[in-house]
Every structure is written in C-alpha cells, then in structure tokens.
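K.L.:
Going down the list, the protein sequences come from chains A and B.
Read in our numbering, the first sequence has 94 at position 94, and its numbers run on one by one without any break.
Read in our numbering, the second sequence has 301 at position 301, and its numbers run on one by one without any break.
In short, the hints are calculated from the structure, not lab data.
Wrong hints could be hidden among the right ones.
Ranges of calculated distance between the beta carbons of each label pair, as one might list FRET restraints [said to hold, decoys possible]:
#1 B/Ser2 <-> A/Ser47: 18 to 28 Å
#2 B/Gln210 <-> A/Asn71: 26 to 36 Å
#3 B/Thr40 <-> A/Ser47: 49 to 59 Å
#4 A/Lys104 <-> B/Ser199: 38 to 48 Å
#5 B/Ala303 <-> A/Lys104: 21 to 31 Å
#6 B/Asn42 <-> A/Ser47: 50 to 60 Å
#7 B/Ser199 <-> A/Asp64: 24 to 34 Å
#8 A/Asn15 <-> B/Ser275: 21 to 31 Å
#9 B/Asn42 <-> A/Val130: 50 to 60 Å
#10 B/Arg376 <-> A/Lys196: 11 to 21 Å
#11 A/Ala10 <-> B/Gln14: 36 to 46 Å
#12 B/Arg376 <-> A/Tyr139: 49 to 59 Å
#13 A/Glu14 <-> B/Glu377: 52 to 62 Å
Below, a sample of chain A positions facing chain B; criterion: calculated Cβ distance under 8 Å [to be verified]:
#14 Arg2
#15 Leu3
#16 Leu5
#17 Gln6
#18 Leu7
#19 Arg17
#20 Asn39
#21 Asn57
#22 Ser59
#23 Glu62
#24 Leu69
#25 Asn71
#26 His93
#27 Met128
#28 Val130
#29 Phe146
Below are the BS3-like pairs computed for lysine-lysine, each with C-alpha atoms no more than 25 Å apart in a straight line [what the hints assert, rightly or not]:
#30 A/Lys67 <-> B/Lys245
#31 B/Lys12 <-> B/Lys70
#32 B/Lys10 <-> A/Lys36
#33 B/Lys144 <-> B/Lys12
#34 B/Lys339 <-> B/Lys70
#35 B/Lys339 <-> A/Lys55
#36 B/Lys339 <-> B/Lys71
#37 A/Lys104 <-> B/Lys339
#38 B/Lys181 <-> B/Lys144
#39 B/Lys45 <-> B/Lys124
#40 B/Lys124 <-> B/Lys71
Please read all numbers here as calculations on a predicted model, not as lab measurements.
We put the beta carbon where it would ideally sit given N, CA and C, even for glycine.
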Amino acid sequence: MRLDLQLIQAWIRENSRVLDLGCGDGNLLSQLRNSKQVNGLGIEIDSGFILDCIKANISVVEQDLNKGLANFQTNSFDMVVMTHALQTLSQPHRVIDEMLRVGKECIVTFPNFGHWRCRWHLSQRGRMPVSEFMPYHWYDTPNIHFCTVDDFEALCRDKGIHVLDRRMVAANNTESQLAKNWPNLFAMTAVYHISK
Amino acid sequence: MSGQSVGIVKPKTQHFNQPIELSSGRVLPEYQLVYETYGTLNDDKSNAVLICHALSGHHHAAGYHQQTDKKPGWWDHYIGPGKAIDTDVFQVISLNNIGGCDGSTGPTSINPQTGKPWGADFPKLRCRDWVDTQRELMKLLGIKQWAAVIGGSLGGMQAMRWSLMYPDEVRHCVVIASALKLTAQNIAFNEVARQAIISDKNFHHGQYLQHNTIPRNGLRLARMIGHLTYLSEDGMGEKFGRSLKEGDFKLGSDNEIQFQIESYLHYQGDIFSESFDANTYILMTKALDYFDLAREYGDDPVAAFSHSRCHYYVVSFSTDWRFPPARSREIVDALIAAKRPVSYTEIEANFGHDAFLLPNARYEQAFHAYMQGVAREHI
C-alpha cells in the first residue's frame, strides 16, 4: 500500500464514519473496512473507478467535488479524507473549508511541488517538471493547483486551521531523514491531519 | 455485456382468499396476482429478487410467452442469464400489481359484490398496498427476505417503501430513475393525461365496460403526453429529427405531411389504447402523485431512511427530466445523512426517463457489478 495511505490509518478510529473524497478504486476504504471496521463512503467522478468501487463492495457516490459538498450535513462524518486530489480542484481552499464543515477531523495529502527535483527541473531546464510521479504535460494535466508544503502551511495559518499532525513521505531513506528538517525540499508527499 | 434470454416463460396466477385492508381503509375481500419467475430459488430461499413495475408495467419482465412473440418482456435487457439481474444466480419474481390490467385484480375484474366490473369503484391504492400484496405472495412462496427489491420510476418508490415498511425483509434496495415524491410539474403532466381520459365521451364516469366501450381517444392522448415526457429533446432529435413519414415540402404541392415523430406517437398511442385500461391508468398515476416517502416521518427523508436496514443502489440518467438526477440525489443525500450504505451512479444516456429500460453499456456494467456484490455477500 502507498505509504501515505498507511500513515493515514493510524489517525482513523475503529468503527468511525469516514468520507473519502476522490476515493479512486476504493483501495483506502477497503483497507479501512478490514483494519478499522469503518462505515465508509467514497466520492468519485471517474466512471471506471466507480465501477471498481462497486465491484469491491465499497459504497461510492458519483459526485463532482468542484461543485462543493453542500449536500453533506455539518459534522456528519468523523473523518473526511482527501488523498492526492487537492491539486486537481478548481477551488481547493473552498473544498478544504467544506471538508472541515462536514468532518469533525480531516486528512489531506498532496504532492509537494517544492520538492528539490521540481525546483531543479524548473531552474535548470526552464520547463514544467514531468516525471514518473507527475507524468503529465502542463496542458493536459489534471493537476491545476500545485502547492508546496510551505504554501499549505500558510493556508492553514491564514484560515486558522489546526494542524493536529503532519507526516512527510520521501523518495528514499536519506531524503526521509532530510525531510524531517526540510520538508519543503525533501517531501514527495505531504500528509496532514487537520481540524477546525 | 450481452447475456442470454430466459427463454419461454409462463405466467402463474395466485388467488388470495384472505381479505386485505388497504391504505384507504377499504377492504379487498379477495384478489389474485399474476406473476412470473425466472431462475431457481436456492435451498435456503435467500436468492430471491423482487421486481416492482412502473406505471404501465406488468409481470412479464423478461423472456417470451411464445416463440412467435415479436418482443420480449419489458426489462429483458437487464434480466436473464449473465445479465445485470443474473438469473443464473438469483430467482427473479415479477408480478402485476393489484389495480393493474394484465391479470391481477384491478378495475377490469368483477366486483364480487355487484357481479359487474369494478371500473371506477375499484379502491384507491397507495404504494404501500402494492408492498403489502407483494408480501403476501412472498410469504406464499416461502421467502423470508429478499436479496434485493428492485424498481425503476414508480417501481423505485415501491422498493424504497419496502425498505421502510419491512426493513428486516430487504437486504438490498435498487432505486432507478425514481424520486422521494413527485414535483408539481410531474403531477401536472399526470393530471393532463387523466383529463384526456376523463373528458373522452366514452369514459362514462369510469364505467365504460358496462357500456361495452373504452375511452380509446383519451387513452391514446394520455399515452402520447406521457411518452413525449419520457423521452429527451436530444433523444427525440436523434431518433426522429424532422424526417417525414409522408408528403414533402415542394412548393406548389398541397400534399398531406406527417413527421416521423407524429407517426411514432400515434403508433404508441394506438397500441396503448388497445391494451391498457383507463381506470388502471388513472389509479396508477394517482398512486404516483400521492407517494411521499417521508410524509409519515415528519416530512424528513433522513428520519424515514433511518428506519431502514438494507444497502441501497441509486441510479439516474442524465437526460431524464421527469425523474431527473437531482431527484435521485435527494434520495442519496438523505441516505448519507441517515448513515445508510448507498452507492449512486449518474448514467450518461440520451433517452430520457426511458433510458432505464434501454441498453446502455455503463448502466449494465455498474448494475451487474452491484448485483454480483449482492450475490457474493449473502447467497
């Protein structure tokens, strides 16, 4: 399992009600169902992923996150999770507001655009980074709102969001050590546990 | 996904001698239900699936009655070996509801107290009356719990009502192109259709059978109105466009002109007026209008669904404007708020409300996947 998904598990309580925004093929909810007996619900827009969820007996609702979460009641979920979807949203800050309204706690993970490889790529080549991790060109990428760890921290400060915990996932052990002191340079993926 | 046909099927008729009290307070002293089954009931009778039909539906949902039948049952695309509702896995039970006109007791049946057809005197019905009579059949077949109750449109309303009235007897509820209640616009369409029937001079206050006639023109109009609302503008455009059935627009010619869409509506109206009972149409559309899932739960659908214990699968179609995706979303949102397990798919489809009956690759795949899950879990 992806390391960021493993980290998330530690923050989720048994038998809790979990909403997974952009749940993909339902992998995380499936794991959580087995390990924590959660009452989970996934939101997804991709019809192929939705079919995967149905095949895996994961409750999934077809919905476009860009249209908001107005249909969800306040504090109706113990945990609202969004993994690797923040950068694809048209108004990420609004969705985070909504997540914090709907969930008592939230987990957000995103790729860190401040990683040294991204900086190197841009500064040396003068081109938008394309890598195995971010395989798209600037014109066809679904990732329209990249941010860095520091950007996300600033957003949390501006909005008065409590950061309950943060974990950084790095490319290898060496960078993992470095990411403890310099997350903005060495984290590949940032994992945030936040609340209102 | 193709799947096979269930082949030749034979309807069965079950008579019930026990009187049943209806939601109106009136009592039906005896009644009969005509139904079909497809597939085999397993030893512990845990694989039974109930199909609830819509406004003009009936028990003949799949297969053929005879080799020479031109068309199979109304939901044949979705019921059969290897199909979404897989008869290799489930036993499907499909009946004609009371009040219907395809063999179950309804307005064309003889009222035992008068010896004449019930006609307009047949008791008014609500969805719950259908649920209760379906349940009598269920008991008779020895089924304790449905693996799934499935319905589209008015059938979806019955499926939802089942899940609230008898929560322990439904494991899965599949609600397709349906709604918690009709909108004013929707009731309005039904009322125009009813008025078309009632204002036919052959209607005779609903006792047309005693006058040896039927309100053919009224039924024809009612069906034409209904039919055009079941299709979408794009779907109609795609299927018929402005093509002509008869005549042309040459200058200087004064011929009769008929568009294909006109001819199609006439054809649909003609078939329907010969085969469907006017009182049944009125009775069914009224049951549709009166349905309001949450009425007895303080008008709160969340409170209503908190009584249920089953899993739900809700489906809507992009161009359905009689039961649009927004209506299905209301069902889904209430289920989520009630913490009930629910999956929802919004299917791109060009054919409006009728899309729930028609082939559609994504709908078939998702529906099939959901039903396979039902089978894996419990059977």
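K.L.:
Determine for every hint whether it applies to the structure shown.
P.N.:
Each hint tested on the structure:
1. One distance hint, 18 to 28 Å for the beta-carbon pair B/Ser2 and A/Ser47, holds here, with the actual separation near 20 Å.
2. A beta carbon spacing of about 52 Å between B/Gln210 and A/Asn71 contradicts the range 26 to 36 Å that was offered as a hint.
3. A hinted range of 49 to 59 Å is violated for the C-beta pair B/Thr40 and A/Ser47, which are about 33 Å apart.
4. The hint said 38 to 48 Å for the Cβ distance between A/Lys104 and B/Ser199, and at roughly 59 Å that hint is violated.
5. Between B/Ala303 and A/Lys104 the Cβ separation comes to about 22 Å, which falls inside the hinted range of 21 to 31 Å.
6. At roughly 32 Å, the beta-carbon separation of B/Asn42 and A/Ser47 lies outside the given 50 to 60 Å, and the hint is violated.
7. A hinted range of 24 to 34 Å is violated for the C-beta pair B/Ser199 and A/Asp64, which are about 45 Å apart.
8. A/Asn15 and B/Ser275 have their C-beta atoms about 54 Å apart, which leaves the hinted 21 to 31 Å range violated.
9. Look at B/Asn42 against A/Val130: about 55 Å separates their beta carbons, and that is inside 50 to 60 Å.
10. As the Cβ distance of B/Arg376 to A/Lys196 is approximately 40 Å, the hint placing it in 11 to 21 Å is violated.
11. Here the CB-CB span from A/Ala10 to B/Gln14 is close to 57 Å, at odds with the stated 36 to 46 Å.
12. At roughly 43 Å, the beta-carbon separation of B/Arg376 and A/Tyr139 lies outside the given 49 to 59 Å, and the hint is violated.
13. Taking 52 to 62 Å as the suggested C-beta distance range, the pair A/Glu14 and B/Glu377 does not conform, at roughly 22 Å.
14. The interface hint given for A/Arg2 is violated, since its Cβ lies 24 Å from the closest Cβ of chain B, which is over the 8 Å cut-off.
15. The interface hint given for A/Leu3 is violated, since its Cβ lies 29 Å from the closest Cβ of chain B, which is over the 8 Å cut-off.
16. For A/Leu5, the interface hint is violated, the least distance from its beta-carbon to any beta-carbon of chain B being 22 Å, above 8 Å.
17. Nearest Cβ of chain B to the Cβ of A/Gln6: about 25 Å, over the 8 Å cut. The hint is violated.
18. A cut of 8 Å between beta carbons decides the hint on A/Leu7: the least distance to chain B is about 26 Å, and the hint is violated.
19. Restraint check, A/Arg17 versus chain B: the minimum CB separation of about 7 Å is within 8 Å; hint holds.
20. The interface hint given for A/Asn39 is met, as the beta carbon of that residue sits about 7 Å from the closest beta carbon of chain B, less than 8 Å.
21. Look at A/Asn57: its Cβ gets to within about 5 Å of chain B, closer than 8 Å, so that hint holds up.
22. With a cut of 8 Å, the hint placing A/Ser59 at the interface with chain B holds, because the nearest CB-to-CB distance is about 5 Å.
23. The interface hint given for A/Glu62 is met, as the beta carbon of that residue sits about 5 Å from the closest beta carbon of chain B, less than 8 Å.
24. Violation of the interface hint for A/Leu69 is found here, the shortest Cβ-Cβ separation to chain B being roughly 11 Å, above the 8 Å cut-off.
25. Of the supplied interface hints, the one on A/Asn71 holds, with its beta-carbon coming within about 4 Å of a beta-carbon of chain B, less than 8 Å.
26. The restraint placing A/His93 at the interface with chain B is violated, with a minimum CB-CB distance near 24 Å, outside the 8 Å limit.
27. Violation of the interface hint for A/Met128 is found here, the shortest Cβ-Cβ separation to chain B being roughly 32 Å, above the 8 Å cut-off.
28. Because the closest C-beta pair between A/Val130 and chain B is about 32 Å apart, greater than 8 Å, the hint is violated.
29. The closest approach between the C-beta of A/Phe146 and any C-beta of chain B is roughly 29 Å, which is over the 8 Å cut-off, so the hint fails.
30. For a cut-off of 25 Å, the pair hint linking A/Lys67 to B/Lys245 is broken: about 44 Å separates their Cα positions.
31. A distance of roughly 21 Å separates the Cα atoms of B/Lys12 and B/Lys70; the hinted pair therefore holds under the 25 Å criterion.
32. Between the alpha carbons of B/Lys10 and A/Lys36 the distance comes to roughly 49 Å, so the proposed pair goes past 25 Å and is violated.
33. Taken as a hint, the B/Lys144 and B/Lys12 pair is honoured in the structure, with Cα atoms around 20 Å apart against an allowance of 25 Å.
34. For a cut-off of 25 Å, the pair hint linking B/Lys339 to B/Lys70 is broken: about 46 Å separates their Cα positions.
35. Distance check on the hinted pair: B/Lys339 and A/Lys55 sit about 21 Å apart at the alpha-carbon level, within 25 Å; holds.
36. The hinted pair formed by B/Lys339 and B/Lys71 fails the criterion: a straight-line CA distance of about 42 Å is larger than 25 Å.
37. Distance check on the hinted pair: A/Lys104 and B/Lys339 sit about 15 Å apart at the alpha-carbon level, within 25 Å; holds.
38. As the CA atoms of B/Lys181 and B/Lys144 are separated by approximately 29 Å, the hinted pair breaks the 25 Å bound.
39. A C-alpha spacing of about 33 Å is found between B/Lys45 and B/Lys124, which places the hinted pair above 25 Å, so the restraint is violated.
40. Distance check on the hinted pair: B/Lys124 and B/Lys71 sit about 32 Å apart at the alpha-carbon level, beyond 25 Å; violated.
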